[in-house]
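S.K.: Listed below are the residues making up each chain.
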Amino acid sequence: CECIIFSIDDLFRLVPRALPVHCFGAALLRLSPGCSSRTKTQRRHASHFTYQPDPVPTQYGPTQKMNLFQSVTSALDNTLASDPTAVIFGEDVAFGGVFRCTVGLRDKYGKDRVFNTPLCEQGIVGFGIGVAVAGATAIAEIQFADYIYPAFDQIVNEAAKYRYRSGNLFDCGNLTIRAPWGCVGHGSLYHSQSPEAFFAHCPGIKVVIPRGPVQAKGLLLSCISDKNPCIFFEPKILYRAAVEQVPVEPYTIPLSQAEVLQEGSDVTLVAWGTQIHVMREVANMAQEKLGVSCEVIDLQTILPWDTETVCKSVVKTGRLLISHEAPITGGFAAEISSTVQEECFLNLEAPISRVCGYDTPFPHIFEPFYIPDKWKCLEAIKRMINY
Amino acid sequence: MNKMYGLCFHAVRQTAGLKSSRLLQRRAFRVSTLHRQQPFDSTLEKPQFPGASAEFVDQLEFIEPNVISGIPVYRVMDRQGNIINPSQDPQLSKETVLNFYQKMTMLNTMDRILYESQRQGRISFYMTNYGEEGTHIGSAAALNPNDLVFGQYREAGVLMYRGFSLDHFMAQCYANADDLGKGRQMPVHYGSKDLNFVTISSPLATQIPQAAGAAYAVKRENSNRAVICYFGEGAASEGDAHAGFNFSATLECPLIFFCRNNGYAISTPTNEQYRGDGIAARGPGYGMLSIRVDGNDVFAVYNATKEARRRAVAENQPFLIEAMTYRIGHHSTSDDSSAYRSVDEVNYWDKQDHPISRLRHYMTARGWWSEDDERSWRKQSRKTVMEAFERAERRLKPNPELLFTDVYQEMTPQLNKQRESLWRHVQQYKEHYPLDLYDK
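Protein chains in written order, with full-length UniProt numbering: chain A, 1 to 387; chain B, 1 to 440.
Next comes chain B alone, as it looks inside the complex (with noise of 0.2 Å):
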């Protein structure tokens, strides 16, 4: 038994001093400081608790959730693009920054289309990413392209920072033969695996501790990768959140938490969601470092996604950022929020706080972007969308084929006669059947 303690306290001695300083070496394990470090002695005055040893206390005093001044929300410009403080400033040059313009306003763009689309009944579903922009593309930035990718499905601009294609995104939404997920989802369920973005699935969460395990596995490839896992504020309610944000942190794994926290879980406000100081305070109770950071400023969403994610690898820890935003848009096309919030309070996050409008005063005071260059982007942009949309509008479905493959990695033998069978009734019964949309 002391052999045991002689050893956990000899590793935790040699890891403080390593503990302490900034520039840490990577190691394969870090030893928790709640470790037991001494043996069990009861003439102390302190805690013996294998659970927790902290200090004694003789007064009866319940800690004060800290909910009204709360998490303070770290951000690098103000509301007119300013920067505040020049040595947050991440300095990225024009060229940088110009994409992320373009990025998010073609993001924009497109979101404005396909809305509009399934408005006239051209695909069945759609999801805006409306004041969102800046999360997806300030973290995008931060990142390696090789970094997993795990979404919920408000995160396009990730993908498309990443260089999705305008034909993939409508190839998903109009389910079409060019789909690389085959056709098979609703509209938004993206997903690539040569930009390394998981496929999106509908039910919340699960991509939690799905995250935690694919970083642990990443961890063990010793290969300079990092994890990233995206999700909202009412999914952060999820069982699954619990879940992974507990196995990260007790199992060291080098993964970045993204919480768009957007004020809106369809139509449930953020205070019937929790009772909390959001979601960035839940962090420490896992043993998580944890930021607020202001989601409509991409610069702040930037910095703190390098930095975290570049001690997530070094130190093989998660991290946990809660981005503060605006749903501007409803929840989906089956959504119609004006029945739970005032159009006034969407107004104000358009007009007055807009990652897109916050970069661009960035951009014009440096004399980066002018009106006209405004004006023929627009206008080239939208072209490009609305060329794209045509393309996808034409496009055939996928062979129907398609829907008994992949169950399994192999056809099994009572898949294969189902689909037969199926072949069998719809050559009976072809006249009902809309066979000329789909490839042959």
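This is chain A alone, in the form it adopts within the complex (with noise of 0.2 Å):
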């Protein structure tokens, strides 16, 4: 596309003076006649996944068709309802969040319940603490786990510790930090990060990252309730995206048990949040184009992770392939290969498998050639199968 430009006096004599700044932009674009906006290179790459929605959950009760905001608000407004301590806060969560995932709860449940707090992730993390060691019910919220770092001193050194430290007479087990995760499009190096592997590194805290509307409900609760300091990632490229039949009620999914999503018997594929739909359409490709049958293992919590469930996994298949956007070096993938060599090392038929972003910062433009996607998941099935 050719623009035409524009100096500065052609500008101000084209453009009415009477526009409001925010419409000069609209009335800009309209002049010149050889931007299309529907041409080839403006239009953006399309998602990279397949949202694939779980059954509709029977026994928890009647469900209500929810996205995954609004499944995370359904806990929210569970855990203000049944538990008077709780309090839920952050950057910009009193009018909803930037996310949508607070709408409503403080004219629901008051200001002394769901506030802003000054912008400053330490100050979030170490208050929550301080909420967490009072013995009330702290959800505390980072607006991009992009920014969490400043709080690591707080999470790594605190938080985690609170409890083996004391002697268990104190802890922090009443804190839950929920923060957005994950590639979404256009993130670039500073919304699109899944920091899981640093804090996989710290014992004394769980890290967990639902797939969907349902596990995120349940897994969110169980997060809640759990007597130890939890970090929740929320994927943010399925908030609007991932759509299910999600239970009004309350109910938890268990932390630390990895779930066998379907089962086959040539290769396992191990991951967690957006990628596990990304496997799971991998597995459906490798039946059809190459009849290999996947067995796909939605890992849930990454510390402390089940390593039973992929071990027994990979004692059947022979075969593991792990698959993160989190660059791969120290990236999860890392440690589950290496517990699965020890464990598994007669049963394996190739070598362990790991498809993840490359070891860069993740960048903006370049996102479709960096992100693990599809295609990369297949050819890698391949490879172990021809070893």
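Bear in mind the hints are in silico, worked out from the structure with no lab data behind them.
Ideal placement from N, C-alpha and C gives every residue a C-beta, glycine not left out.
Please note: incorrect hints may appear among the correct ones.
What the hints assert, rightly or not - Taking lysine to aspartate or glutamate pairs in the EDC-like style, the calculated list, with each CA pair at most 16 Å apart, reads:
#1 Lys65(A) <-> Asp83(A)
#2 Lys430(B) <-> Glu420(B)
#3 Lys289(A) <-> Asp266(A)
#4 Lys227(A) <-> Glu95(B)
#5 Lys417(B) <-> Asp266(A)
#6 Lys227(A) <-> Asp83(A)
#7 Lys440(B) <-> Glu252(B)
#8 Lys382(A) <-> Glu349(A)
#9 Lys316(A) <-> Glu263(A)
#10 Lys397(B) <-> Asp167(B)
#11 Lys108(A) <-> Asp146(A)
#12 Lys417(B) <-> Glu263(A)
#13 Lys312(A) <-> Glu342(A)
#14 Lys289(A) <-> Glu379(A)
#15 Lys417(B) <-> Asp306(A)
#16 Lys312(A) <-> Glu349(A)
#17 Lys111(A) <-> Glu252(B)
#18 Lys417(B) <-> Asp359(A)
What the hints assert, rightly or not - Quick look at which bits of chain B chain A covers, simulated, 3 or more residues with Cβ under 8 Å:
#19 193-207
#20 237-249
Reassemble the complex: the two chains are provided individually, in unrelated frames, and hints are given to aid placement.
M.R.: Quick look at the structure:
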């Protein structure tokens, strides 16, 4: 597309001066006939996965159609209703949150229970630890997982170690930290990160990542009631895209239990969060194109992780593929790979495969090339089968 | 929009009357006077900014930080222990004052013995409280026993005042089987659930935002409890301190920030720690009521903490107390402060301006304490400390099983496997492990 380049004089001559500032840009775009919004370079890349909803749960009572952020709201609503000590806080949670996870809660439960904090992640987590130590239920929101690092000291040196170092006199088990996580198509360096590996190295906390609304509500409620400090990462790309029938009443899904989503005999595929949906598609493709039967496992809890379920599967299939968006070096796939080769060495038919992000910061325009998409995963399966 | 501002205006009008009264009723939430009050009106020559109102000014003038005269230091006694303004004497009973004195001196005695025990290789590390006993006892006495205490590491006197036994102090330093902390931390990292003293951790200032959160939870309980948070002037430079101050003021927490400004952060003197007027001057920047006190004057510390506590709970707002004092001892047993300060400087504070001697002068002036009392108390306190010391020396260390517990509330499969692996290993190589020192 060739836009006519205006000089500043042209701009002021052609664009009516009475227009308010925010209309200027739109007017400018209209004035350049060469630029069509429908040209190929301007169309944004489609999603790299197809969301695969869970079947409707029947054991938890009546359900309602909810997307991921609504299922989070539902979990928080249930918590505030049943636990009078529970408080939710973080940046911008009062009006409903930048991802609408806390919409309606302040009006319903009061401004002393759902409130904004100053813009300070180390403060948010430190404050949350204090609330928990004093015996109340603290649900802290970090606006993006990319911004959790100022709170790293409070999480690793304080929250994780509170019970151990005090000889169980004190603990902050009532603390849950929630943060939007993972790639979103255009998030780039600072709105796409998956920092679970940093925290996996920290005994004393739990790290949990759901794949959809039903899991999110059950796992979040488990984190909140768990007597250990938990970090709950919410795949932001699924906030609106993932829609399921979610039970209205509270229910819990156990932590540290991986879920086998489909059984298979040739390859074990392990992932968590958004990547589960990529893997499910890969499993279908592997079956159709390669005649390969894949067992898909959603790890769900990164720390402490369910080594038994994964190892049991690899003993059966002999091949393991682990995939995550986070960079490959030191990513959590490395921990899984190392443990599995220790436990299942003689059962392995091929080296364990990791399909992950590259060792770069998360790029903006290069996201389609960066992410561990279904083609890279399928190729890895092919290599393992032909080893 | 108008309705929203009308509500705010109405709310401010309602509370304006309350704010001017001395006896404030307990309110859950105080409307800040900085909150937007009136609708936007560009015909008025007043700033309309949401961030700050104040007035316009047309002279270019930078506000000068007041570091020359600075915030004055509140005191009750002079350096000789004489009351300066009788209205400020808290007029505590003889029994109470004697207890202050005995707690400060007992702490001093315990410090001498445990410092020496580190030098002899009996414990691995120790930090003394020399010179700061007044800050501990004065503030602890002004609190209720169920007020929650967050400390840094030089507040042992607060625990001692509340009744932490010598056996428990020593058990923690020796990391023996009686340690409430189960032997997991270095010496002086005390904690006591019963005495509402949160276990000390080494990272500095991390307790500050935690104290704000605890105070917020305590406020919601409506239980007439306060939270106090101790830290040094060095720790006040940490980002966590800024976070804690800002959160506690913004979220209206019943919290006392107690800064022990003792002149040094290990070897770093205050003129290399900050350029402003100490820590007290930062309080107003956060919207916090602040005061500077003579930390070596136990009554000044007591009065300030007492009033701060009363108002913090009644008004749900934080208070900042900067207690000026001097760290007479080294930073720790790993430090030799003669490397960065003169013996003359240390001697001045030890001899001319010490919280213990100033209180003793107050007591002797009233005929409450004699030379004989001093002699017999010194002998008795030393004996008590030595007996506890000998008990601690003999006690075994905790069972190494405790290496693996309390990481989570529950034992995890991985930890269980690691525990079993350690035991198998130790069984095989037992002669290389000091099992005899540990409880079975």
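S.K.: Each hint needs a verdict: does it hold in this structure or not?
M.R.: Hints, verified against the model:
For the hint linking Lys65(A) to Asp83(A), the alpha-carbon distance of about 25 Å lies beyond 16 Å, and the restraint is violated. For the suggested pair Lys430(B) and Glu420(B), the alpha carbons sit about 15 Å apart, so the restraint of at most 16 Å is met. Of the pairs offered as hints, the one joining Lys289(A) and Asp266(A) holds, with about 14 Å between alpha carbons and a cut-off of 16 Å not exceeded. At most 16 Å may separate the alpha-carbon atoms for a hinted pair to count; Lys227(A) and Glu95(B) exceed this at roughly 44 Å.
As the CA atoms of Lys417(B) and Asp266(A) are separated by approximately 29 Å, the hinted pair breaks the 16 Å bound. Taking the CA atoms of Lys227(A) and Asp83(A), the gap is near 14 Å; set against the 16 Å cutoff, the hint holds. Of the supplied pair hints, the one linking Lys440(B) and Glu252(B) is violated, its CA atoms being roughly 49 Å apart against a limit of 16 Å. Under the criterion of a C-alpha separation no larger than 16 Å, the hint pairing Lys382(A) with Glu349(A) is consistent with the structure, at around 13 Å.
Restraint check: the Cα-Cα separation between Lys316(A) and Glu263(A) comes to about 10 Å, which is no more than 16 Å; the hinted pair holds. Among the hinted pairs, Lys397(B) with Asp167(B) is consistent with the structure: their alpha-carbon atoms are about 14 Å apart, no more than 16 Å. Distance check on the hinted pair: Lys108(A) and Asp146(A) sit about 30 Å apart at the alpha-carbon level, beyond 16 Å; violated. Between Lys417(B) and Glu263(A), the direct Cα distance comes to roughly 28 Å. Violation of the 16 Å bound is thereby established for this hinted pair.
This hinted pair checks out: Lys312(A) and Glu342(A) have alpha carbons roughly 13 Å apart, not beyond 16 Å. Restraint check for Lys289(A) and Glu379(A): satisfied, since their Cα atoms lie roughly 11 Å apart, inside the 16 Å limit. A threshold of 16 Å between alpha carbons decides the hint, and for Lys417(B) with Asp306(A) the separation of about 13 Å falls inside it, so the pair holds. For the proposed pair Lys312(A) and Glu349(A), the alpha carbon gap of about 15 Å is at most 16 Å, so the pair holds.
This hinted pair checks out: Lys111(A) and Glu252(B) have alpha carbons roughly 12 Å apart, not beyond 16 Å. Note on Lys417(B) and Asp359(A): the hinted pairing is violated, with a Cα-Cα distance of about 33 Å set against a maximum of 16 Å. Check result for the stretch 193-207 of chain B against chain A: holds, 6 residues qualifying (beta carbon to beta carbon below 8 Å, three or more required). For the stretch 237-249 of chain B, the proposed coverage by chain A is satisfied: 7 residues have a C-beta within less than 8 Å of a C-beta in that chain, meeting the threshold of three.
Figure legend: structure checked against the earlier numbered hints; hints not met, in rising order: 1, 4, 5, 7, 11, 12 and 18.
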